[in-house]
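**Q** For the protein sequence lines, the chains are A and B, in the order given.
Start counting the first sequence at 32; every next residue gets the next number (the working numbering).
Start counting the second sequence at 5; every next residue gets the next number (the working numbering).
No lab work stands behind these hints, which were simulated from the structure alone.
The beta carbon of each residue, even a glycine, is placed where N, CA and C say it ideally should be.
Among these hints, one or two may not hold up.
Derived coverage of chain A by chain B (criterion: at least 3 residues anywhere in the stretch with Cβ under 8 Å from a Cβ of chain B; other residues may be distant) [claimed, not checked]: (1) 80 to 94; (2) 151 to 162.
The calculated lysine to aspartate or glutamate pairs, modelled on DMTMM-like cross-linking and capped at a C-alpha distance of 20 Å, are [stated by the list, open to error]: (3) B/K266 - B/E310; (4) A/K33 - A/E96; (5) B/K447 - B/D264; (6) B/K401 - A/D100; (7) B/K306 - B/E369; (8) B/K447 - A/D100; (9) B/K313 - B/E263; (10) A/K147 - B/E243; (11) B/K160 - B/E467; (12) B/K306 - B/E263; (13) B/K447 - A/E150; (14) A/K103 - B/D264; (15) B/K160 - B/E310; (16) A/K124 - B/E467; (17) B/K302 - B/E263; (18) A/K149 - A/D100; (19) B/K313 - B/D264; (20) A/K33 - A/D100.
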Amino acid sequence: MKIKSQQDFWAGLMFIAFGLFFVIVSQMHYQMGTAVRMGPGYFPTVLGGILALLGLIVLGGSLAEAGPDVPKFHFRPLIFLAASSLAFAYLLKPLGLMLASAALIFISAYGGHEFKFKEVAWLTVVLVISSVVVFVWGLALPFPVCPSFIESCPIR
Amino acid sequence: MEGIFHNLGIGFVECFRLQDITLWGMTFSHVPFNIIMCLIGVLLGTLIGVLPGIGPVATIAMLLPVTFNLSPVAALIMLAGIYYGAQYGGSTTAILVNLPGESSSVVTCLDGYQMARQGRAGPALATAALGSFFAGCFSTLIVAMFAPPLAEVALKFGPAEYFSLMVLGLVSAVVLAHGSLVKAISMVILGLLLGLVGTDVNSGVLRFAFGISELADGIGFVTVAMGMFGICEIIGNLEQKEKREIFTSKVSHLYPTKEDWKRIWAPVLRGTLLGSALGILPGGGALLASFGAYTLEKKVSKYAHEFGKGAIEGVAAPESANNAGAQTSFIPLLTLGIPSNAVMALMIGAMMIQGIAPGPQVMTERPQLFWGMIASMWIGNLMLVVLNLPMIGMWIKLLTVPYRILYPSILLFMAVGVFSISNQPFDCFLMALFGLLGYVCAKLGCEPAPLILGFILGPLMEENLRRAMLLSRGDPFVFVSPSKPISLGFLIAAAILLVIIAFPALKKKREEAFAAEDT
Chain A
32 MKIKSQQDFW AGLMFIAFGL FFVIVSQMHY QMGTAVRMGP GYFPTVLGGI LALLGLIVLG
92 GSLAEAGPDV PKFHFRPLIF LAASSLAFAY LLKPLGLMLA SAALIFISAY GGHEFKFKEV
152 AWLTVVLVIS SVVVFVWGLA LPFPVCPSFI ESCPIR
Chain B
5 MEGIFHNLGI GFVECFRLQD ITLWGMTFSH VPFNIIMCLI GVLLGTLIGV LPGIGPVATI
65 AMLLPVTFNL SPVAALIMLA GIYYGAQYGG STTAILVNLP GESSSVVTCL DGYQMARQGR
125 AGPALATAAL GSFFAGCFST LIVAMFAPPL AEVALKFGPA EYFSLMVLGL VSAVVLAHGS
185 LVKAISMVIL GLLLGLVGTD VNSGVLRFAF GISELADGIG FVTVAMGMFG ICEIIGNLEQ
245 KEKREIFTSK VSHLYPTKED WKRIWAPVLR GTLLGSALGI LPGGGALLAS FGAYTLEKKV
305 SKYAHEFGKG AIEGVAAPES ANNAGAQTSF IPLLTLGIPS NAVMALMIGA MMIQGIAPGP
365 QVMTERPQLF WGMIASMWIG NLMLVVLNLP MIGMWIKLLT VPYRILYPSI LLFMAVGVFS
425 ISNQPFDCFL MALFGLLGYV CAKLGCEPAP LILGFILGPL MEENLRRAML LSRGDPFVFV
485 SPSKPISLGF LIAAAILLVI IAFPALKKKR EEAFAAEDT
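Next comes chain A alone, as it looks inside the complex:
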């Protein structure tokens, strides 16, 4: 057995995993019902089964037919982008829009090719001001602007 197409091999595995996941969870927790009165488990079980089957076909194909390799993963942008949106999300309520945006910009900028502190700092100033103007004042999104521990914040 030799894997001729790395890409298809892993894609097949992914589909099988997803398919089985949905089948198993539905079978464990939800009623199947009958074809006439379908329970909540019916549709996901059928679809999950089909997905796993298709995954098997892709997997089988990867052993028979040559295909491309999986391109190299670039973890740096992936990790920094994910981290920056998480930082924004979980800092927004305690620290306010200004600091949360600044965190997002700095962390995400670090995931790029070059990081120039001065440039990022300027970008942060511009974006923080414009996001307060556009989102909070313009679109009236209910975001706190300042950290929650500063009680008398001049901007709100």
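Knowing the structure of chain A, use the given hints to seat chain B on it.
**A** Okay, now just chain B, sitting in the frame of chain A:
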């Protein structure tokens, strides 16, 4: 014909209706608010569309939260404006930087960029703009003509017909995806499954939520779209070293010469007709239209030898076609409530957020909304021509902004948008998660677009399947029984499509077509 003009009249009146608007605590009376929103949408769409590396799906997903607080009419008019604005901006980038802002302007790169290199960027941009405008006018009429009869037919559809129609729509979406057919079908099914997360409408059971209360309403489709398109596109761009060659100084004279005019009118006409036809097909839309038009033009043109070396026909035909296709792809959305591509899936989501159930009843129950949106398409296209040709200088300036400045700004916009959907950090977490999933899928050669379509259709399909089975007392043959000829027809069409595409000779053709796109 009279009916059409009457209906379009309703639409134009709605577009220019004067409203009293309260903004920032101030009340402005007698403002043509809808048309102002159309203008803002068109401008925003162009602005984001010009930026290389963000397609229309990510653009609309990004700007969707802007429309949350608007009335349904204004919101949909603005979103439609964003869509064709993004199309427009995409072609500017394709011509000047040789980077397609979106897949449907890939072919514009071929000849448009060559024209720019020869110092004819101005005429190329003008041709794209004028061709798109003509196509936009024509296809708006097509939408106005074909939508009412189609909606009338669709009103008679039962659950069985709807289910089969959705199967057909998904199958045609799969056929148009890149690469392996099996993988594309798998992505559709994965999308369908992810769409089931949340409370089951029929039984009230919370499915696949694992005790996470934020998942009770299901996964927001904006979150999925931003993760799988937005985040993925940014990572994809960051993987490559920045190298751009922009022809900024060389856009001097804009208007095409007399010789150019003579050469472009026929391709524009052919592109418009082909694009309008292809756009109506489920799974069609702008991408197929522009490729089809380019191929057709290469076959029939006298100047075939110039293609790829800066032939103006190679800009005129696909640009008209993609705009025509983009507009007519609204027909299945507005009449059947079925999205034909990822952008239309987003529009469905937007309608649902506004509390409108997409489907044939929209036209009869809310004629102002329906015809207002159609009339706004024409007005929006006019605005694009009038505003964008003089503003090209500004868009070019935008292109010189380095990506390392752009992407944190884009990301901030996406994060704010996703967060604002339910004011919970959890959605941003999901966005990051779907970014990861999208990235892995891209590396494994699986397209995200079929997943999004499946995701939108998942709950609808389950609902209609259940109802159809209930009505037929569990007879699975209800979908193919002769008493339901429409349902049978849809399923036969879907089967034929699958067989055709799996056929070795055609499979090769399809791969060739996509290979041509990749180069």
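**Q** Next, verify each hint and record whether it holds.
**A** Status of each hint after checking the structure:
1. 80 to 94: holds (count 7)
2. 151 to 162: With 4 residues closer than 8 Å to chain B, the stretch 151 to 162 of chain A meets the three-residue bar; holds.
3. B/K266 - B/E310: holds, 16 Å
4. A/K33 - A/E96: Holds, at roughly 10 Å.
5. B/K447 - B/D264: Violated: B/K447 and B/D264 sit about 43 Å apart, past 20 Å.
6. B/K401 - A/D100: Measuring from Cα to Cα gives roughly 39 Å; hence the hint is violated.
7. B/K306 - B/E369: With Cα atoms ~50 Å apart, B/K306 and B/E369 exceed 20 Å; violated.
8. B/K447 - A/D100: holds, 9 Å
9. B/K313 - B/E263: holds, 17 Å
10. A/K147 - B/E243: holds, 18 Å
11. B/K160 - B/E467: OK: B/K160 and B/E467 at ~17 Å, within 20 Å.
12. B/K306 - B/E263: Measuring from Cα to Cα gives roughly 14 Å; hence the hint holds.
13. B/K447 - A/E150: violated, 32 Å
14. A/K103 - B/D264: violated, 45 Å
15. B/K160 - B/E310: violated, 51 Å
16. A/K124 - B/E467: violated, 37 Å
17. B/K302 - B/E263: Roughly 19 Å separates the two Cα atoms, so the pair holds.
18. A/K149 - A/D100: Not OK: A/K149 and A/D100 at ~40 Å, beyond 20 Å, violated.
19. B/K313 - B/D264: Measuring from Cα to Cα gives roughly 15 Å; hence the hint holds.
20. A/K33 - A/D100: Satisfied, since the Cα-Cα distance of roughly 13 Å is no more than 20 Å.
Hints 5, 6, 7, 13, 14, 15, 16 and 18 from the list above are not met by this structure, while the remaining hints are.
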